[in-house]
Amino acid sequence: MSLEQFISHAISPWTKDSGPDDDIVMSTRIRLARNLEAFPFPFSSSRDAARALYKHVYEHLSPVTEEQVGELTWLPMEGLSEIEKTVLVEKHLTSPQLISESQQAAVVLNNDETISMMVNEEDHLRIQCLSPGFQLAEGYEAANELDDWIEAHLDYAFDEKKGYLTSCPTNVGTGMRASVMMHLPALVTTQQLNRILPAVSQLGLVVRGIYGEGSEARGNLFQISNQMTLGKSEEDIIDELRGVVLQLIERERTTRQELLKHNQLQLVDQVYRSYGILANSRIIESKEAGRHLSNLRLGIDLDLIHGIEGTILNELMILIQPAFLQQYAEQELSVDGRDERRATLIRERLKLENIQDGGGET
Amino acid sequence: MQCQECNHRQATLHFTKIVNAKKTEMHLCEVCAKEKGDELPGSNSYSIHDLLSGLLNLDPSMGAGADYAKHMKQEEVLRCQKCGLFYKDFVKNSRFGCSHCYQAFSANLDPILKRVHGGNHTHTGKIPKRQGGRLKLQKEVLSLKEKMQKHIDNEEFELAADVRDRIRELEETEEKKGDQ
Ligand SMILES: [Zn+2]
Ligand SMILES: [Zn+2]
Numbered sequence: 001m002s003l004e005q006f007i008s009h010a011i012s013p014w015t016k017d018s019g020p021d022d023d024i025v026m027s028t029r030i031r032l033a034r035n036l037e038a039f040p041f042p043f044s045s046s047r048d049a050a051r052a053l054y055k056h057v058y059e060h061l062s063p064v065t066e067e068q069v070g071e072l073t074w075l076p077m078e079g080l081s082e083i084e085k086t087v088l089v090e091k092h093l094t095s096p097q098l099i100s101e102s103q104q105a106a107v108v109l110n111n112d113e114t115i116s117m118m119v120n121e122e123d124h125l126r127i128q129c130l131s132p133g134f135q136l137a138e139g140y141e142a143a144n145e146l147d148d149w150i151e152a153h154l155d156y157a158f159d160e161k162k163g164y165l166t167s168c169p170t171n172v173g174t175g176m177r178a179s180v181m182m183h184l185p186a187l188v189t190t191q192q193l194n195r196i197l198p199a200v201s202q203l204g205l206v207v208r209g210i211y212g213e214g215s216e217a218r219g220n221l222f223q224i225s226n227q228m229t230l231g232k233s234e235e236d237i238i239d240e241l242r243g244v245v246l247q248l249i250e251r252e253r254t255t256r257q258e259l260l261k262h263n264q265l266q267l268v269d270q271v272y273r274s275y276g277i278l279a280n281s282r283i284i285e286s287k288e289a290g291r292h293l294s295n296l297r298l299g300i301d302l303d304l305i306h307g308i309e310g311t312i313l314n315e316l317m318i319l320i321q322p323a324f325l326q327q328y329a330e331q332e333l334s335v336d337g338r339d340e341r342r343a344t345l346i347r348e349r350l351k352l353e354n355i356q357d358g359g360g361e362t
Numbered sequence: 001m002q003c004q005e006c007n008h009r010q011a012t013l014h015f016t017k018i019v020n021a022k023k024t025e026m027h028l029c030e031v032c033a034k035e036k037g038d039e040l041p042g043s044n045s046y047s048i049h050d051l052l053s054g055l056l057n058l059d060p061s062m063g064a065g066a067d068y069a070k071h072m073k074q075e076e077v078l079r080c081q082k083c084g085l086f087y088k089d090f091v092k093n094s095r096f097g098c099s100h101c102y103q104a105f106s107a108n109l110d111p112i113l114k115r116v117h118g119g120n121h122t123h124t125g126k127i128p129k130r131q132g133g134r135l136k137l138q139k140e141v142l143s144l145k146e147k148m149q150k151h152i153d154n155e156e157f158e159l160a161a162d163v164r165d166r167i168r169e170l171e172e173t174e175e176k177k178g179d180q
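Those sequence lines, one after another, are chains L and W. As numbered in UniProt numbering, residues 1 to 362 make up the first sequence, in order. As numbered in UniProt numbering, residues 1 to 180 make up the second sequence, in order.
One or more of the hints may lead you astray.
Claimed, not checked - In the DSBU-like style, the derived pairs of lysine-lysine whose C-alpha atoms are separated by at most 30 Å in a straight line are:
#1 W:K82 / L:K55
#2 L:K85 / L:K287
#3 L:K161 / W:K82
#4 W:K139 / L:K161
#5 W:K147 / L:K161
#6 W:K147 / W:K136
#7 L:K351 / W:K136
#8 W:K129 / L:K161
#9 L:K161 / W:K150
#10 L:K85 / W:K150
#11 W:K139 / W:K150
#12 L:K16 / W:K129
No lab work stands behind these hints, which were simulated from the structure alone. Note that the structure is a prediction, hence the values are computed from the model and not measured.
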């Protein structure tokens with residue numbers, strides 16, 4: 001398989017699309033947790049009950065999908081290899097929990113992978129809508145429509161006082177988790193983010209670094225989402241999150257302009273050094289790769305380097321994860337093997353671009 | 001509240017450890033909680049499970065002596081009739097067994113929900129389109145039945161018959177919807 005073909009399989013089609021404010025917001029995700037009244041929650045259910053749930057969902061939804069939501073692919077986890085499963089996790093289409101702990105689990109996808117639904121994860125159904133850029137209201141509308149369609153065919157566990165009943169008390173009520181993935185290199189470099197984050201968490205929002213373990217955010221990518229699901233309407237939750245994200249966007253943009261104004265040479269130097277490393281290294285760890293991809297993306301967004309697609313950060317951050325590298329290599333790889341393969345993949349990917357020297361001279 | 005480890009970030013995780021009847025509280029930010037992982041009560045890696053079971057064990061009605069013992073005993077046997085989950089297992093795993101558990105444990109639930117959801121314990125968001133209509137209908141039927149009973153008690157039989165007809169109408173519409 002050629003690299004281009006591999007990428008077109010590996011990257012969800014919507015990742016290539018542009019969206020509002022996508023110089024800073026990479027993607028928006030809305031997730032709804034739903035359960036059916038007549039079945040025990042997956043966590044405590046027997047194998048037979050889990051199978052009955054899956055059968056019930058499949059039999060009620062699959063015959064009516066075509067006309068109403070378009071073609072859906074049903075992927076029972078049992079039929080997939082370990083690497084294929086991990087790839088779904090790295091694409092954020094399933095959770096690690098779905099593949100490790102769940103029985104009779106499945107993921108349902110539409111063709112452009114903007115809609116995914118996990119069956120038999122922590123809850124019976126986890127509906128998810130992904131969109132490029134900053135599209136909270138649009139994403140919620142899509143999730144809401146899908147939810148209405150499902151509810152027309154299945155009986156949800158719903159209580160007037162407690163809302164949508166979920167397996168874990170942290171999700172009850174709306175069952176909604178709205179999250180926005182942001183690229184915040186300027187706020188990180190200028191150490192402003194450390195001061196902003198406590199304020200954000202006081203507003204009932206959660207910020208976490210994504211890709212990579214621990215507190216360090218790889219590639220300066222952060223996910224911001226609502227923590228509370230009970231006592232607020234979906235619209236209020238989205239408005240509050242939206243307000244905070246807008247402020248962060250504003251702050252990041254202003255800071256980028258200031259860096260450009262006062263430290264342009266250093267910034268250009270940094271972008272081209274990172275490009276040099278990505279285009280030439282033979283071994284690269286994911287942490288280092290993340291740092292340089294972030295720099296390169298910043299250079300693209302600030303027009304300091306030309307001829308490279310802006311989506312390269314989103315795309316390569318996904319591709320340089322272990323399961324993808326192994327799928328591309330079509331074999332299992334050791335850590336050293338992955339570092340080598342990662343460097344190769346990045347070099348080859350950059351060769352597909354038509355790089356031109358841009359704002360180096362001022 | 002500030003994190004007691006770094007004195008810098010907001011403490012978002014609160015743990016209580018009871019060793020030899022001595023209670024220690026820890027208030028940590030997510031970063032420090034992760035670092036301290038091993039020392040935290042309950043497990044070797046912090047997670048929402050531990051966080052919640054920490055919360056759940058902090059019962060506000062927890063007192064000394066006999067009351068406490070009695071209270072504990074009641075909780076030992078509290079159980080969901082539908083799925084069989086014991087309340088103590090809910091506390092341990094922070095997971096409900098089925099949707100009926102919410103009713104079965106309702107007496108203990110609001111303080112827990114308030115802690116997790118910033119003081120809130122009642123849903124104000126979306127109501128499902130189809131089932132929401134049914135819920136409304138069921139409520140209306142219930143209140144009409146009460147009204148009918150009142151008329152019967154007052155020997156206003158004609159009025160009672162009118163209400164009965166209205167109830168039948170509503171029940172028929174619900175059946176029709178169910179058939180669709
Ligand atoms: Zn701390
Ligand atoms: Zn139950």
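**Report entry** Those earlier numbered hints the structure runs against, lowest number first
**Finding:** The structure breaks hints 7, 10 and 12; every other hint is satisfied.
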